[in-house]
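Engineer: The opening residue of the sequence shown carries number 4 in my numbering; numbering runs sequentially from there.
Hints are computed from structural coordinates only; laboratory data are not their basis. Among the hints, a few may not be true.
As the list claims (entries may be wrong) - Calculated pairs, EDC-like style, for lysine to aspartate or glutamate (alpha carbon to alpha carbon, straight line, at most 20 Å):
| id | residue 1 | residue 2 |
| --- | --- | --- |
| 1 | Lys174 | Glu46 |
| 2 | Lys152 | Asp212 |
| 3 | Lys306 | Asp229 |
| 4 | Lys174 | Glu66 |
| 5 | Lys174 | Asp229 |
| 6 | Lys238 | Asp212 |
| 7 | Lys310 | Glu299 |
| 8 | Lys310 | Glu230 |
| 9 | Lys238 | Glu167 |
Said to hold, decoys possible - Simulated DEER-style distance windows between Cβ atoms:
| id | residue 1 | residue 2 | range |
| --- | --- | --- | --- |
| 10 | Pro293 | His20 | 18 to 24 Å |
| 11 | His279 | Glu131 | 19 to 25 Å |
| 12 | Ala304 | Glu131 | 29 to 35 Å |
| 13 | Asn85 | Tyr297 | 32 to 38 Å |
| 14 | Glu299 | Gly58 | 26 to 32 Å |
| 15 | Glu311 | Lys152 | 20 to 26 Å |
| 16 | Glu299 | Lys152 | 26 to 32 Å |
Computed from a predicted structure; not experimentally measured. Even for Gly, the Cβ is constructed at its ideal location relative to N, Cα and C.
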Amino acid sequence: MPTLTLFTSPKPFTNPHIAVIQRNAIRSWLNLGPEVEVLLLGEEEGLAEAAAELGARHIPQVERNANGTPLVSSMFEIARQNSTSPLLGCVNADILLFPDIVDHARRVLELAPRFLMVGQRWDLEVTELLQFGPDWPQALRERAFSQGKLHRASGSDYFIFPRECFADMPKFAIGRAGWDNWMIYSGRARNWPVVDASPSVTIIHQNHDYSHLPGGQPHYKLPETDENIRLAGGKRTIFELPDASHVLRGGGLHRPAFSWKRFWREVEIFPLVKLHSYPLAQAFYFLFHPQKAYREFRQDARKAALKEA
């Protein structure tokens, strides 16, 4: 029985560069070993053919929103229904993984029955189909460290968790901002260890443009991102990697190192993750960030006026 089931909803394979990096990502997952199963979800153009070519399991029926974008909640439920592994992992289809991620995920499961494991990525320019020979993990790591760049600690590109977790997810649109941040917030609010595995786990993001999105805009500028944030409960639920409760280092779960910045951030989010009070969290945000809060209020007021016009 597999230990980890990885699942994703790839973009269409019509853009040559997107097709290349998605094939690279999926092949890296299929090379993680027999403990890993890979599910490719959706009906995007070229997906069925790519799944057959690569040897991954394809499940086409994914619920979509009114814009035709696959729903993350449907993906999670399909993965749960079509796997038996104790761990599930939702991964963006441009992310290269290394075999040691399985050992680290298994180790976290030994330490915590409920958790969310996330991590920081390296950005790398990749334009060619990669070769997965016997020494591919070492060669690819060396290339990332020498040619790539560590991405800022914002959202996350993979989410590993026990299969029982996140069974009540809102109907988020995949590939839009907000839902990944909600995962970190939701884990904290449920008092599960939210584990930043960055010190132990290396992942690589293959750079690409946004030509596959409407108008070629970044995902965080699309209306579906606003809807994701609404479904998440509001802007205060936008948590990032520094909001993780634990760090995976040396095979153990540790509390992040103390800093005054982290201390005040924990004070700021206390009403949300411990008291489950959004109004109080909003008040704390106004207290901690008065200028940002005022600008946000002005922006929201303008959006509301435009909708009424």
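Engineer: Each hint: holds or not?
Structural biologist: Here is how each hint holds up against the structure:
1. Lys174 with Glu46: holds (18 Å)
2. Lys152 with Asp212: holds (16 Å)
3. Lys306 with Asp229: holds (11 Å)
4. Lys174 with Glu66: Within the cut-off at roughly 9 Å; holds.
5. Lys174 with Asp229: holds (13 Å)
6. Lys238 with Asp212: violated (26 Å)
7. Lys310 with Glu299: Between Lys310 and Glu299 the Cα gap is close to 17 Å, so the pair holds against 20 Å.
8. Lys310 with Glu230: holds (14 Å)
9. Lys238 with Glu167: The hint is violated at about 26 Å.
10. Pro293 with His20: 18 to 24 Å: violated (44 Å)
11. His279 with Glu131: 19 to 25 Å: With Cβ atoms ~49 Å apart, the hint is violated.
12. Ala304 with Glu131: 29 to 35 Å: 49 Å Cβ-Cβ, so the 29 to 35 Å window is violated.
13. Asn85 with Tyr297: 32 to 38 Å: violated (48 Å)
14. Glu299 with Gly58: 26 to 32 Å: At 47 Å between Cβs, range violated.
15. Glu311 with Lys152: 20 to 26 Å: violated (43 Å)
16. Glu299 with Lys152: 26 to 32 Å: The hinted range 26 to 32 Å holds for Glu299 and Lys152, with Cβ atoms some 30 Å apart.
Violated hints, in rising order: 6, 9, 10, 11, 12, 13, 14, 15; the structure is consistent with all others.
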